[in-house]
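Chemist: Residues per chain, in single letters:
Protein chains: 2
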Amino acid sequence: MDTDKKTIGVTLVSGGLDSLVALGIALKECDEVAALHATYGQRTADRERKAFEDICAHYDVSWAMVIDLGHIAKFGGSSLTDPDAEIPEGPIFQGIPNTYVPFRNTNILAAGVSWAEALGAEAVYIGVVEEDSSGYPDCRREFIQNFQRVVEEGTRPDTDIIIRVPIISLNKTEIIRLGAGLNAPFELTWSCYRNSGDIACGNCESCLLRLRAFRRAGIEDPLKYEELSEEAQKFIER
Amino acid sequence: MDTDKKTIGVTLVSGGLDSLVALGIALKECDEVAALHATYGQRTADRERKAFEDICAHYDVSWAMVIDLGHIAKFGGSSLTDPDAEIPEGPIFQGIPNTYVPFRNTNILAAGVSWAEALGAEAVYIGVVEEDSSGYPDCRREFIQNFQRVVEEGTRPDTDIIIRVPIISLNKTEIIRLGAGLNAPFELTWSCYRNSGDIACGNCESCLLRLRAFRRAGIEDPLKYEELSEEAQKFIER
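Chains A and B supply the protein sequences, listed in that same order.
Sequential numbering of the first sequence, starting at 1, is according to the working numbering.
Sequential numbering of the second sequence, starting at 1, is according to the working numbering.
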């Protein structure tokens with residue numbers, strides 16, 4: 001008779017590449033996984049939600065939940081949640097891009113920890129990436145370390161939840177190689193900031209970083225893309 | 001011509017006593033106040049929302065927003081959000097009560113900081129109280145200090161938001177005296193964990209702490225209560 005307690009990991013799954021690989025790692029490290037997806041009024045919300053559902057079905061996760069943080073869009077402050085703002089074309093690596101959503105990751109992490117505490121989970125996995133994340137302040141290691149202390153102070157004394165950031169030190173090329181080794185279903189993901197259909201734009205910052213990383217990893221990106229601009233083509237070949 | 005930038009304070013307003021007094025302080029300290037109320041599937045949500053709306057109308061705040069964190073109820077883990085669980089009768093001061101909602105304050109604070117960053121606000125006010133809060137881990141000063149570091153790490157470098165906890169060191173009696181000095185409209189608040197109408201139960205932990213504090217402050221509580229049990233009556237006279 002096996003009386004060992006099953007380990008549970010809550011994983012934040014956006015529908016993109018990075019969180020897919022984080023989920024693949026959580027599934028290896030935990031007995032059961034709860035997948036949490038937040039929709040927050042971003043313009044590609046429906047497409048990302050579909051990616052989340054496809055990924056959860058593929059892995060047959062123990063629990064899957066979609067939460068609505070639509071108030072973050074109402075607050076404003078980001079091109080990603082403002083239907084009138086323009087998503088910048090091409091790579092912009094200076095400073096914080098206008099796609100930054102104020103304090104978004106703290107909102108999503110807080111929900112993940114609430115669920116983890118209610119489930120009795122040991123860990124919350126988040127696929128943040130320090131190097132390749134083009135300057136979002138809430139993707140950095142210092143941010144995660146401080147949030148860990150908030151978790152320790154803000155939950156019951158007998159709750160012991162670790163924030164796991166298994167890909168934080170990797171670049172996107174390494175993440176894709178790692179995901180390929182885990183047989184991660186890249187074809188089910190969505191990264192484009194602009195399009196919501198079957199074909200990604202290929203020209204927004206998120207598409208460009210993804211395309212360049214697949215190329216560098218020597219792996220074919222299974223998604224379909226619109227025709228790339230000359231500048232975009234040059235960028236991904238650099 | 002006054003070219004000084006107006007100071008803005010986001011205040012988390014539950015509809016209860018403590019956050020009313022925190023709001024009164026924010027209104028004195030800031031030029032403009034944004035009031036944020038979170039509903040999270042708690043059983044008295046409608047009544048608390050009414051209290052929030054009445055308070056915002058009374059003070060004519062610059063912005064008021066209600067956000068839905070209903071997923072916290074779906075996660076479970078608290079009698080406050082579980083319609084089948086029993087709210088304990090009478091005071092229970094040992095350990096963490098079953099009304100604790102896992103990591104609730106972090107979720108609400110995170111939303112407040114998102115709004116503050118989008119508005120360009122300088123502060124987020126929260127009416128947490130260390131001493132009188134019957135053991136909720138996310139009401140303590142260490143928790144707030146760590147959360148402050150998350151705010152510093154997790155927002156734009158040019159964002160400078162302080163988490164203000166103006167009543168954290170006070171007990172409820174002192175809070176009521178402070179609120180009375182600010183002419184805070186106590187009659188618009190709601191504290192009861194059980195009832196949602198015009199009459200509070202008078203016997204749940206929240207009612208008892210409130211009634212005792214008004215009595216100790218020598219101020220009459222303007223709310224109406226059901227008949228108190230003998231035990232309750234003894235408690236508030238202690």
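The set of hints was computed from the structure by calculation and includes no laboratory data.
On a predicted model such as this, the values are computed, not experimentally measured, just so you know.
One thing to keep in mind: the hints can contain errors.
Copies of the same chain look alike in the list, so a pair counts if it works inside one copy or between any two.
What the hints assert, rightly or not - Pairs of lysine-lysine residues, derived as DSBU-like cross-links and limited to a Cα-Cα distance of at most 30 Å, are as follows:
| no. | residue 1 | residue 2 |
| --- | --- | --- |
| 1 | Lys-5 | Lys-224 |
| 2 | Lys-5 | Lys-28 |
| 3 | Lys-234 | Lys-6 |
| 4 | Lys-50 | Lys-74 |
| 5 | Lys-74 | Lys-5 |
| 6 | Lys-234 | Lys-5 |
Chemist: If you test the structure against every hint from before, which numbers come out violated?
Modeler: 1, 3 and 6
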